[in-house]
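J.: Okay, here's what each chain looks like letter by letter:
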Amino acid sequence: MSKLKDLGNDLYSGTKSLDIVGRRKIFYIVGIAIVVFSILVPIVKGGFNFGIEFRGGSEFRIDGVAETSQEIARQAVQSVEPGSSPLITTVGLDAVRVQTEQLDDVTSEEVRIALAAAYGLESGAVTSSFIGANWGADVTEKALIGLVVFLLLVSLLMALYFRTLKMSIAALVALFHDVVITLGIYALVGFEITPAAVIGFLTILGYSLYDTVVVFDKVRENTLDVEFSETTTFASQVNLAINQTLVRSVNTSVVAVLPVASILFIGAAVLGAGTLRDIALALFIGIIAGTYSSVFIAGPLYVDLREREGKFSKKAKAVKA
Amino acid sequence: MSVTNTVRSARKSLSWLLALVVGLTALIAVGSISDENASFTPKLALDLQGGTQVILSPLLLDGAGVTPEQLDQAVSIIRQRVDASGVSESQVVTQGDRNIIVSIPGVPDENTLALIKASAKLEFRAVLVTSVGAASSNVDTVDPSVEGETPQGETAPEEEVASEDAPKVPNAAPTDPSDLNWVSPELQEEFDALDCSTSFREPGQVDDPTIPLITCDVTGTSKYILGPVEVEGANISDASNGTVQSSTGASTNSWAVNLDFDGVGTQAFADVTQRLFPLSAPRNQFAITLDGFVITAPATQAVITGGSAQITGNFDRDSSKVLADQLKYGSLPIGFEVESQENISASLGSEQLTNGLLAGLIGLILVVIYSAFQYRGLAIVTIGSLLVAALLVYLFIAFLSWRQGYRLSLAGVAGLIVAIGITVDSFIVYFERVRDEIREGRSLEVAVENAWKRALRTILASDAVSFTAAATLFLLTVGNVRGFAFTLGLTTIVDLIVVLLFTHPLLQLLARTKFFSSGHPWSGFDSKALTASGYVGRGKFRVSESLASGKAEKASKEATKRQTIAERKAEAAIAAAKKSGDK
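In order, the protein sequences belong to chains A and B.
Numbering of the first sequence is given in my numbering, commencing with residue 1 and proceeding in unit increments.
Numbering of the second sequence is given in my numbering, commencing with residue 1 and proceeding in unit increments.
Misleading hints may appear alongside valid ones.
[Unchecked claim] Covered by chain A, according to a simulated footprint, are these stretches of chain B (three or more residues, beta-carbon under 8 angstroms):
hint: 1; region: 361-369
hint: 2; region: 377-389
hint: 3; region: 459-472
Hints listed in this document are in silico derivations from the structure and should not be mistaken for laboratory results.
Using N, Cα and C, we set each Cβ at its ideal position, and we do this for glycine too.
Could you put together the complete structure from these sequences and hints?
T.: Rendered as structure tokens:
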């Protein structure tokens, strides 16, 4: 424990200092590499794995069943289509509803017959239809509009709070990095993208910005009078700020990740697929990516954006000399 | 004394918090006695509780089809309608290329069902003939109070037209939609024989808009012969309810429905009112039909060319809102009928809820353990604040569940759990700032005060970002996302309240206790560990004594090792001189 405390103290005082700003080229390269990779993966793999709510699917209804066991239905569907994982619900007292991904006519009919046989009914007792994608264009479009508006509002907010547009830009780049990486991981592993996962994505945005705001707050504090200093440069002040908030950033991320991890592991292990697992997974990946970007990308990028300004570059040269 | 001021302000904040909690609890308690909707347990949404699913199929004239655009538009409108009755996280889905499935959580009340089922065609037709809603043999027993159903203004009560008075003109061609020549003898007979208490309409009957219609009003007390359709419901651009303003501008106690028409509607409506205004009752009335039944048949008080009209009558707040909603959202391109209505048991409903809450609890415990690890004694503050926050959130949700019809869904539960992290983060910001201040050499009480000012700014900025995210998501999206955004926004506000009214005062008070202010190793503000070399701003460092002495010792040891012989001798001489000097 004392080692961590000492580390915190050393980082704060500047005795020990991770040269994040100085080594920013490395972090940029790593960041860009991961982003490019994340963009390529879905292209190579042929898209994301969208959940049934986005793709639409087939639905079967069995009325008048003697026992509403869901296992029967599952086995029946899988006997025809082994790979599918149908969503099965009990409707009322004696009906079962089975949702699967969109099946073609022939398969659909086979499933229908299989279900009827499994429940011991005539094939007429099973109705089949397909669902137009639930969320569909309407809601996704609204979510995207919400996203754009959010980004605009937040840039404005930060520009007002920090009084510099460049901080907003740096923060938005970090944000972009987070979302792209999260999507890349989803594409790579093949996690299902459902409306719940989209909720998680949208939350990551808020979280990542939140984290970045705290780091930038310290940066602003440290760089207030840096133009008048003889001994330090803009870059080293920003570096100091990042180091000083490092412990705090780590703390925040751990504290945010713990409940999410808890939901994730219970959701995945006990419940199987579902809303909880989808949201938690997106958040888990996003929070980790968000911490990385607030520490290693947002700050250094800000340095690059501002050091070109005359007063800072001259000072940097003077101090180095 | 500043110290007593601190205690006073801390106590004031804490008592504000107490007042808030007690107030909310009292409100809900009182509500649960008087109003059946209120209770201390929040309402649950479809995926946690099960709900009702209504399947709608379109009503069409024989041979007509429904275009995808019409279907999409209808879906949009119905979704709006159901959402307008509260944050209900309903789902409106298309099935095949004709049907619409509406899923509503819980057991919907009559109003909501009416809103959905009544999602049929809205039409404006002129009234030609009206009478009591029974077959003509009962025409003698006239009950004046019956007319109360028909909204009027201050005009004289509507006269009934007894069947004998109806002109039995043989079929001359009618010249305008109000012409009584529409009423052929056959029509008149049909009208007389109609008894509103029977079901005289086929469910899903589609009426030809170019010929008169015989129908009753929704309560079955009056029957009408109506002219052809003159204004379509689709031409209503907006409808709302409000209190009636008297001529002096003061609002009275009676409610009315305000209508706005679009361009086409304004023109058509102007024509209608122009024609109807000089006529005598009942022909100066125009009827608004929904699904073929007359929902209101107000008399024309003036020629309305501006496109805005007001319907008055025996409305109260609820009935005027229902009518306004029906008018506003009722302008569907096609009519629908309810094909089926059933209840669904939640698929993994209660199991998911239990497990979700379990996960939340585990997460909470983990977070508390971690913060105890990092901040030691301050974990008391963390736990206390989290408990207060949980209590407040629960009360708010129960309250909003009652007043706004908010329903907690699984996405909402996820939002609550995620918010644990955000709330604890505010504490971390604050604690770390206090530590920063201590590192700069300030005493705990002063550190707490200084840190508060800076931490509050950071917390406000971060919470503003969270809240903006939640608000944008809430306003611009539908369904599941909305529920999540709602809990996220709510917990952000509660986080702010808790930090302002609980965490800070608590820390202020604790700072005055010996355990914390003396920098006990278990207090989380271990001053010895924290007062290391401090960066005191402006590029200056302060080297603390404890550290300096340690380093100095090391340095001096190093130096002694490297001393030359001459220096050693000199040192020894000085030391000897000192010894003798002491003696």
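J.: How does the coverage statement for the region 377-389 of chain B fare against chain A, requiring three or more residues with Cβ below 8 angstroms from a Cβ of that chain?
T.: violated (count 0)
J.: For the region 361-369 of chain B, do at least 3 residues have a Cβ located nearer than 8 angstroms to some Cβ of chain A?
T.: With 5 residues close enough to chain A, the hint holds.
J.: Establish whether the coverage given for the region 459-472 of chain B by chain A is satisfied; the threshold is a Cβ-Cβ distance below 8 angstroms, and no fewer than three residues must meet it.
T.: Satisfied; 9 residues make the cut.
When the structure is compared with the earlier hints, a violation turns up for hint 2 alone.
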